Each structure stands twice: as C-alpha cells, then as structure tokens.
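Asker: Here is what each chain is made of, one letter per residue.
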Amino acid sequence: MVTPTQAVLSLFLLFALSRVFLRFRSGSLRKVGFFFWVVVFGFAILIVIFPGLSTGVAKFLGIGRGVDAVVYTSIALLFYLVFRVHIMVEDLRHEITELVSKLALDEFKKKNEKKSSKN
Amino acid sequence: MKLLIGIPAYNEAGIITKVLCSLPKTIPGITKLDTLVVDDGSTDETANLAEKEKVYVIKHLTNRGLGGALKTILYYAKTNQYDFLVTFDADGQHDARDIKRLISCMNNARSDVVVGSRWKNKTRAPLSRKLINKAANITTGILYGILTSDSQSGLRLFNRKAIEKIELKFDRMEVSSEIFGEIAKRRLKLSEVPIRGIYTNYSLSKGQKLSNSFDIIFRLILRFLQ
Chain U
1 MVTPTQAVLS LFLLFALSRV FLRFRSGSLR KVGFFFWVVV FGFAILIVIF
51 PGLSTGVAKF LGIGRGVDAV VYTSIALLFY LVFRVHIMVE DLRHEITELV
101 SKLALDEFKK KNEKKSSKN
Chain C
1 MKLLIGIPAY NEAGIITKVL CSLPKTIPGI TKLDTLVVDD GSTDETANLA
51 EKEKVYVIKH LTNRGLGGAL KTILYYAKTN QYDFLVTFDA DGQHDARDIK
101 RLISCMNNAR SDVVVGSRWK NKTRAPLSRK LINKAANITT GILYGILTSD
151 SQSGLRLFNR KAIEKIELKF DRMEVSSEIF GEIAKRRLKL SEVPIRGIYT
201 NYSLSKGQKL SNSFDIIFRL ILRFLQ
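Chains as they are written, first to last, in the UniProt record's numbering: chain U, 1 to 119; chain C, 1 to 226.
No wet-lab data here; the hints were simulated from the structure. Nothing here was measured: the structure is a model prediction, and the numbers come from that model. We treat Cβ as the ideally placed atom computed from N, Cα and C, and that holds for glycine. Some hints could be false.
[To be verified] Using C-beta positions, here's what the derived DEER-type ranges look like:
(1) D83/C x V82/U: 41 to 47 Å
(2) R84/U x K52/C: 43 to 49 Å
(3) H86/U x E167/C: 18 to 24 Å
(4) H86/U x K185/C: 21 to 27 Å
(5) F79/U x T62/C: 28 to 34 Å
Bound conformation, chain U alone:
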C-alpha cells in the first residue's frame, strides 16, 4: 500500500528525473552528469517506494538505521553540490572579468586610434 507521502515524494522525484532527461536531450547535461543524476534520483525513488531497502544499505555501511544512512548520504551529497555550485560561480566571475577586461582594452585601443588619426 502506497502512503500519500510516498506518492507525493515519488511524483516529485519523477519530475526531477524528467528534467534530467530533458536537459540531457537538449545537450546541456553531459553523459556523466546524466548517469549520475539518474542513479541518484532512481535510487531515491526506490528508497521512497521500498523503505526496507535503506535498512539493507545501512547494515552494509555499518550504520544503525536506514533513515540515518539516507540523512548521512544526503548531507555528503549536499556538501558536494554546494562545492560544485561555488566553483561554477567562481568560473562565471572569471569569464565576466575576461569580458570586462577585453572590452576595456578594445575601447582604449579605439580611443587611441581616433586620437592618432586626428593628429
């Protein structure tokens, strides 16, 4: 028997999975990223529908309860994601700086060319 919570969570995870698929199809997600997210969301759906599975995983990892294993894994995953987002933001900053620098140098060059042609 599927509880309302399981149904809502499963629907949300299926929605997330569909977004992953769409992003992969549009080419904005690489193959490695696609498989990573399919495994993450697919495993999450399995845990939601069959909660007993998490106990087996917990025992395998040497953690007492299944729910603890889920929480620990989620925290580790969130840390990793925050790290990735941070790096992505920094990379974007660098790209903006490159653009600003290039525009400033081009503008300076144009201004100098104008000046020398006047003289």
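Chain C: place on chain U using the hints.
Answerer: Using the frame of chain U, we list chain C on its own:
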C-alpha cells in the same frame, strides 16, 4: 628599455592625483616610462582625474576586483612589449621613491620579480594589518610552497620574462598570493626589498580588513582543492 607603472584603482578620487604626481618622471636606464591607471569600475571621478594627469587610463565597465585590474595591466604590458612592469597601489600607501630601489635590486640580484616588503623595514602599522599579513604569508607558504615576508604587497617589479609567463586567475584580493604561486610554478627568481609603508586613515580604510581576510583564505583553499 620600456617600463610601465600599472596602477589598479577603485574609487580613489580622493588621492589619485597626489599618487600620480608623486611618480618619477624619469628613471636612469629607462628610455620610455609610461603610467597606466586601470579604473576598476569606479563610481567617483577617479578616471577623469587620472586622465587630467596625462597618463593612460583603461576603464572597466564594472568593478571586478584587484585581480581583474591586475590582469588588464599585465595583458597591456605583455601586448605592448614592455621590458619592466611596476605595480603600484592607488591608495597612497607606497613611496614612489621605492620604485628605483626595486629596479636596482633586480639589476643586482638578476631577479625576475622583485617585491617591496613593508615588514623588512619594521614599518609601523596597526596590529590588525600585521596579523592579516602574517596569516596571508603562512597560507601562501602552505598552498604555494614559497616563503615571503609580504605576500600582500602591492609594489612589485616584473621583468619581461615574468610579464610573459605569469597568468592570473583570481579576480579579487587573493591575486596577491596567487602571484607568488605563479612565481614558484614558472620557476621565476624572486627577491624582496624593504620599502616604506605609508599608513594614513585613508589608506587604512581602503586596504584589506581582518573581516574579509578569512574569506580570502577560504577562497584560496577552495581553488587549491578544485
């Protein structure tokens, strides 16, 4: 021999004219001496005041930080084939007479990079500044394996080889430590020369603060782990 004095400036209208007027007009052995101010998206009159002093002024559309301005200076020096590049802070904390000391140190020690060290001279400075600098020196030493007494100094001299080889990635204050990383990575010869640090209420309000030094160290470590 061509020398470029590169000044990264952000909202320095209060002092930029005084700083530019203090710079040497001639240096023995230098046939062409140019000054370039990179106005890093200032919202005040910094760029206009600098232009009045008949120096080159390159204007960033938005503020990108010290690293961003230094990248533009380095690129300009590289593409215009300068033999030497001096970086000089716009907040009035350097004594322009020290530029000649840097050049004679480079000639004597045959170095690729000479950094002006404010701490070799036992400069009188607030405790917070000394602490920031110590922490930054230790972090620079651990991350890049290079020892320095002033990793945050803005007064530096690069020769042609260093101008060609150094590639900067950081946009903000971390760039000062990154320069030492590049010196180590590119196997450039580094020398330090004592310089005078001028600490006024103005320069203290503009420089690094204890509160953001942790942020700088955090970003250095994160980038190192990437």
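Asker: Now tell me, hint by hint, if it's right for this structure.
Answerer: Do the hints match the structure? See the list:
no.: 1; hint: D83/C x V82/U: 41 to 47 Å; result: holds (46 Å)
no.: 2; hint: R84/U x K52/C: 43 to 49 Å; result: holds (47 Å)
no.: 3; hint: H86/U x E167/C: 18 to 24 Å; result: holds (22 Å)
no.: 4; hint: H86/U x K185/C: 21 to 27 Å; result: holds (23 Å)
no.: 5; hint: F79/U x T62/C: 28 to 34 Å; result: holds (31 Å)
Of the hints listed earlier, there is not a single one the structure fails to meet.
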